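S.K.: Could you put together the complete structure from these sequences and hints?
One letter stands for each residue in the lines below.
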Amino acid sequence: MKLSRKWLNEFVAVDAGDKEFAEAMTLSGSKVETTEDLGAEIKNVVVGRIEKMERHPDSDHMWVCRLDVGKDEPVQIVTGAWNIHEGDLVPVALHKSTLPGGKKIERGKLRGVLSDGMLCSLGELGLDERDFPYAAVTAAALLNDYKPIDPEKPSIPAGIKPGDKVYGPVICAGVANVSSAGDGKWECTLIRTEDDSPCATTLVTDCQNLHQFDLVAYNTKTNAVCTLSDLRAEQREFPHCINDGIFVLHEPCRPGDDIRPVINADDRVVEFEITPNRPDCLSVIGLAREVSATFDTPLTLREPVVKGGGPGVLTELLDVETPDPDLCPRYTARMVRNVKIGPSPKWMRERLRSMGVRPINNIVDITNYVMLEYGQPMHAFDYRYVKGGKIVVRRAREGEELTTLDGNVRKLTANMLVIADETRAVGLAGIMGGENSEIVDDTADVVFESANFDGTCIRKAALALGMRTEASAKFEKGLDPLNTLPAVNRACELVELLGAGEVVDGVIDVLNRVPQPRTITMDPARVNALLGTDVAAADMYQYLERVEIHTGDRSFPDGPAQVSVPSWRGDVEGIADLAEEVARFHGYNNIPAALMRGQTTLGGYTPAQEAERRLGRLCRSCGYSEIITYSFISPAAYDKIAWAPDEPLRQSLRILNPLGEDTSIMRTTALPSMLEILARNCNYRSRAVKLYEIGKIYLPGGPDGLASEPKMLTLGAYGADMDFFALKGAVEAILRDLRVADVTFTACKDDPSYHPGRCAGVYAGGRQLGVVGQIHPAVAANYGVEEALYCAELSFEALLEVRGPGAVYAPLPRFPAVSRDIAVVCREEVTVGELEACIRRSGGKLLRGVELFDIYRGRGVEGKSVAFSLTLRSDEGSITAAQADEEIAAVLSALEKELGASLRAG
Amino acid sequence: MKEQLAKIRAEAISALESAKDAADLDALRVKYLGKKGELTGVLKMMGRLSPEERPVMGQLANDVRAALENALEACSQKLEAAALERRLRDEALDVTIPGKPVVLGHQHPMNIALEELKDIFIGMGFTVLEGPEVELASYNFDRLNAPEGHPSRDWSDTFYFDGDSRVMLRSQTSPMQVRAMETMDLPIRIIAPGRVYRKDEVDATHSPMFHQVEGMVIDKGVTMADLKGTLNTVVEQLYGAGAKTRFRPHHFPFTEPSCEMDVQCHKCGGAGCPTCKGEGWIELLGAGMVHPKVLEMSGIDSGTYTGWAFGIGLERMAMRRFKIADLRLIFENDVRFLEQF
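Those protein sequence lines, which keep their order, are chains A and B.
Residue numbers for the first sequence, in this note's numbering: 149 to 1054.
Residue numbers for the second sequence, in this note's numbering: 819 to 1159.
To be clear, the hints were calculated from the coordinates, so they are not data collected in a lab.
Take the hints with a grain of salt, since some may be wrong.
Said to hold, decoys possible - Beyond 12 Å from chain A on every Cβ pair, some chain B residues (computed):
| hint | residue |
| --- | --- |
| 1 | Met819 |
| 2 | Ile831 |
| 3 | Ala833 |
| 4 | Val848 |
| 5 | Leu861 |
| 6 | Glu891 |
| 7 | Glu909 |
| 8 | Lys1085 |
| 9 | Thr1093 |
| 10 | Arg1138 |
| 11 | Phe1140 |
Claimed, not checked - Heads up, incomplete: computed chain B residues facing chain A, CB under 8 Å, no partners named:
| hint | residue |
| --- | --- |
| 12 | Gly923 |
| 13 | Asn929 |
| 14 | Phe979 |
| 15 | Pro1005 |
| 16 | Arg1013 |
| 17 | Lys1046 |
| 18 | Gly1047 |
| 19 | Pro1067 |
| 20 | His1068 |
| 21 | Pro1075 |
As the structure is a prediction and not an experimental result, all values here were calculated from the model.
Virtual Cβ for every residue (Gly too), placed ideally from N, Cα, C.
M.R.: The following block contains the structure:
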């Protein structure tokens, strides 16, 4: 919400500087986002009066002007603009001045002639014609500026002179004299030569670019000076006859005056962040109330006064029906007749513009002005298009169409509220008017609507139609129904002030829900208890008084009392709200800071949280870095990881209104997220990457129709030092750290995302914890990666379950161990896991360790030779060679019998 | 004989002095002290001596042997020391050659920030609560005093799973307040970090998924002064003793009074600079006293119990902590980014 400090000053006089103002308002709850000084960029620009103009001696289009700028000495400025005349008041950017956009102006020479600054156009001051409609420039086509497009074939001969024919009734004429005719018009004496005898014509023209000795195209039939369009000429044929020029001021000002107040660039516009509970602050008056309360300065509000007396009887002219009273708690309307549509006055345009609203015409500007001032959206429609003089506020018919003011055809539903006449909709209630009842130049009678609509209904309609407007944004927050009447009266008052029409006596006011004055209980002791303060009761009541929350007799009692809440403060409902009002004006920063008291609680992590932290630390110490990925993925991700069409885990929770297909379903696997990140890093040419994520997956079928959200530990890696066993080693380290017992890895050939020969299921006892393996090359290719990717997916819940008990010390061995190496030859299909399991099974109680140390394939070996180092030890005494031999023999015999693995010869 | 012994002694000692290594030493040992060595040779002639001379000569011969053995030992030690010195010299390394790499993984910056925060609150007696991200709208909105019609419930702002707008992706961690009140015994002191979701397109400051930490205290006699005291302590732990805060009125449906807490800009000390957009303060979190309606909806008597709650955006906190300019980096997971933390 923007606020003009000038406009604010009409209601509350606060002269705090920008910073002080912003800080005070922010600390009382109206957060100031920015403060814009409208004239911040304009420096050293003053009003000047042109005393003398001469053509530049060395240019065919420039003028040398001498100006009075309120100093002892006049200044000389060279300009290329042609719309100025001696006596004009113009903005002068003096030597060392700055203009909007940071443009700097300095003294200089133009074609050898000194120029002490620059004369400014509207645009150069950051303005446009909407700010000063009178400053629009109309240019005559000056024949002395003519530049033929084709020099071989000029449309106008080079030596043309007064009296020469241009075409048809248009002849060349010379300007003898120009003087102001007032009202932006010019009286001009033309010399034309007819039948070789000189003859003068005097006429009044809008063209501002005429000066003595100029040659013009004069239409003898219409008695007018021709413009470019009259001659159907192109701009480049008359390069200096443009519809732009210096901003000639018609304002009450004198040479030497600072230009900023003249063009309203001396205002400050403060932008507030207004929280949704305070729609009352979306207006100048609402903010003025807050400013008054914050600075404890009186607020000056007055009731609008309408003289009325317009022709006709309102009740005969207009009838209002509200068949859906729930959606329209109040509808207030007044009528204005014999309207004269025109621009609104400068002060009104300036205020609108300072608050970011574009001026249109007096009636529309009045509705916008009242909306800004009172926070009550208003609408004006042309009475002649209200068929039957009847306004019906009803639900739209399903499929009903309405062309709104922005020219778009809107298809409506029965959930939307329209303003209609007897036959058709003429406006979308609370959002935008209809084109069919728009205020136009010949509008004669106007209906002002100032209504209160149901916020939710307006919000939903605006949302469904994709047209959130200034009005709908206000209505959706819930407005004060008591505001409609003062607002409509203010609009009528402004009509009379502007002389824009005649207000018909009386008001139509349909009140479907009569707002009741609200009183609630204020209890100072409870407020202190809530805030942790020791504020005196009387002070509290005084703070409340500032925001017009009063006790019945406006006293400041010492204890609890009933207080009345103003109608615009719908957000104040109970003691907590009153506590906030007290706190706001006592100052949040004056509330002491205390340390928590009361029963102590034991903080800490749960065992699962502790395990998760430990797991993360372990992954990092294994060289894996943590990633965080989105919980939602594309449905196509399941295809990319090659899941079968009937894979049950494809059943995912689907977001009905996703940002896009790519983020439309909740992942049931974290693998695609990991693969995406690996692929991205691969694309970024990072050569060795190891990553982990501890993140949730989302499986349908949780309690209350929600998801079950188990966590997964996903590892992913690639690079020169990565292979299956490197990743398996990390998984083993993790399992060892968690003291998981009975861990096995089993070849897994049927996980479609993984290489069928390089993937293992990870088990603890019979419980599967997850998988580890190389990603299937076809899947990697789906992610645009040619390199081998390695991933492991482990269920965090399963890891928690199989976690071993805490460590208990086992005595260190007292007797030395004996180590025996064996190498057995077996068929290729026999796995190391099977061999090892067999050794462990067959070894007696002396066998304490089995460690693979070599696998050999090649000459002299059929199949493969696998070598293990066996550690034997007894707690009773040193092992004898005979004991060791016996143990080894048993192992070898079992290997031979069970797996056909025989001791390698030699 | 006496002369012979003296000669052997002198010769041997001089020979030892010129020994260069262990082999030289061994040769000398054999030459003088071996079974066929010179000293033994002399001793073999002892039998020719008279009984009177024999002990005297014997004593003398033993003295020579002891002297030679001592000299041998000393020489051996000297040679060993020299050899060690030589070896050490040969083994000298260029210590500026880089060490063998030990690759350590890195924690994601956002979780670094989160762990700091968790540790601070745990130290103050809080427990960490986790809960569902696919959440009931009733927990995310109704029970938090944002009834049907509240703008944040719009489909343009919140992700839904069903046409009745019943199941959604939580848009805040605040439903954990309700879940805590439902399941925990009073008094309650919890923080609840986690993922939250809003329908924002990805840009430098927005993401449809981000993280918040919720905090809540409910007990008898809890006041806004406690809220300020606790959060000030947190800020001092995060930003160092003396970090200044200010509290501004704000609005959240589920707290009243509500506030936002700013911390004084560390860069300019409050004077105003680009980091704080000229304000001198940086917005840190939203907080407030738990709304009586929220307490009552969860069956807690708002006349007896009061509470305060806060919510903080983790990404913004991490971005400020590590001077990360673009939110997209957080979820891009570029290792060149991750390895900086």
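S.K.: Each of the hints needs a verdict: does it hold here or not?
M.R.: Now the hints, each set against the structure:
no., hint, verdict
1, Met819, "holds (56 Å)"
2, Ile831, "holds (47 Å)"
3, Ala833, "holds (46 Å)"
4, Val848, "holds (39 Å)"
5, Leu861, "holds (47 Å)"
6, Glu891, "holds (35 Å)"
7, Glu909, "holds (29 Å)"
8, Lys1085, "holds (18 Å)"
9, Thr1093, "holds (16 Å)"
10, Arg1138, "holds (18 Å)"
11, Phe1140, "holds (14 Å)"
12, Gly923, "holds (3 Å)"
13, Asn929, "holds (6 Å)"
14, Phe979, "holds (6 Å)"
15, Pro1005, "holds (5 Å)"
16, Arg1013, "holds (6 Å)"
17, Lys1046, "holds (4 Å)"
18, Gly1047, "holds (4 Å)"
19, Pro1067, "holds (3 Å)"
20, His1068, "holds (6 Å)"
21, Pro1075, "holds (3 Å)"
When the structure is compared with the earlier hints, no violation turns up for any of them.
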